[in-house]
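Chains as they are written, first to last, in our numbering: chain A, 1 to 113; chain B, 1001 to 1114.
It should be emphasised that the hints constitute simulated quantities derived from the structure, not laboratory data.
For each residue, glycine too, the CB sits at the ideal point set by N, CA and C.
Where hints are given, some of them may not hold.
So, partial list: chain A residues that the calculated Cβ filter (under 8 Å) puts toward chain B [claimed, not checked]: (1) G43; (2) L46; (3) K49; (4) Q105.
Computed spacing ranges between beta-carbons, pair by pair [unchecked claim]: (5) Q81/A to D1074/B: 34 to 40 Å; (6) A17/A to W1022/B: 40 to 46 Å; (7) K56/A to S1058/B: 44 to 50 Å; (8) S1066/B to A17/A: 45 to 51 Å.
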Amino acid sequence: GDSVTQMEGPVTLSEEAFLTINCTYTATGYPSLFWYVQYPGEGLQLLLKATKADDKGSNKGFEATYRKETTSFHLEKGSVQVSDSAVYFCALSDRQGAQKLVFGQGTRLTINP
Amino acid sequence: EAGVAQSPRYKIIEKRQSVAFWCNPISGHATLYWYQQILGQGPKLLIQFQNNGVVDDSQLPKDRFSAERLKGVDSTLKIQPAKLEDSAVYLCASSSPGTRGEQFFGPGTRLTVL
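Bound conformation, chain A alone (with noise of 0.2 Å):
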């Protein structure tokens, strides 16, 4: 079946940092594929989306290439600042199904001032 298989974590870096979360995915058909977010107390939400090969979605920052060759959707921002300590749950979806969301296992990340 399908899947979606994180960066393990947690992951721990300074303000202003670089950050990269990789994702690859396992899917039969062609999925949307998803970067939802949990800040803490809160639930989640979806941060950012795409829905075809080389579509990039984007949101406060961060960036995502869905990339059909390498099956991978990895996040990225240029500079991580204290409020984007969270969880992040890279997920796909079958476009031509029921649509449910496959979640990976989630990354903490931690920013430091």
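Starting from the known structure of chain A, arrange chain B on it as the hints suggest.
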């Protein structure tokens, strides 16, 4: 626009007891999902409704879990009897047609089974 509402936020029970969780999706969202998130893992789909019909319940442990969505609006997830391994956060989400998988999540119910 009001978000997805869930209650209770926290619940502590003993094993073999019963528990129920409630979810009210965003108004007009036809699709409703229940996920289980065990500590340190990503959410896993338990059941998906389209209006008041079940689309996918393949990962729902049907010997102890049940869910319903009467009138195609709010939904209840029940566990009877609970086991220690059911300790998790139960997330409800909803979506509208054509959003290509974008789902809106509630705050979740944290269940602890002792």
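Structure-based check of all given hints:
1. G43: Holds. Min distance 4 Å.
2. L46: holds (6 Å)
3. K49: holds (6 Å)
4. Q105: Hint on Q105/A: holds, closest Cβ of chain B at ~5 Å, below 8 Å.
5. Q81/A to D1074/B: 34 to 40 Å: holds (37 Å)
6. A17/A to W1022/B: 40 to 46 Å: Distance hint for A17/A, W1022/B holds at roughly 42 Å.
7. K56/A to S1058/B: 44 to 50 Å: 33 Å Cβ-Cβ, so the 44 to 50 Å window is violated.
8. S1066/B to A17/A: 45 to 51 Å: holds (47 Å)
When the structure is compared with the earlier hints, a violation turns up for hint 7 alone.
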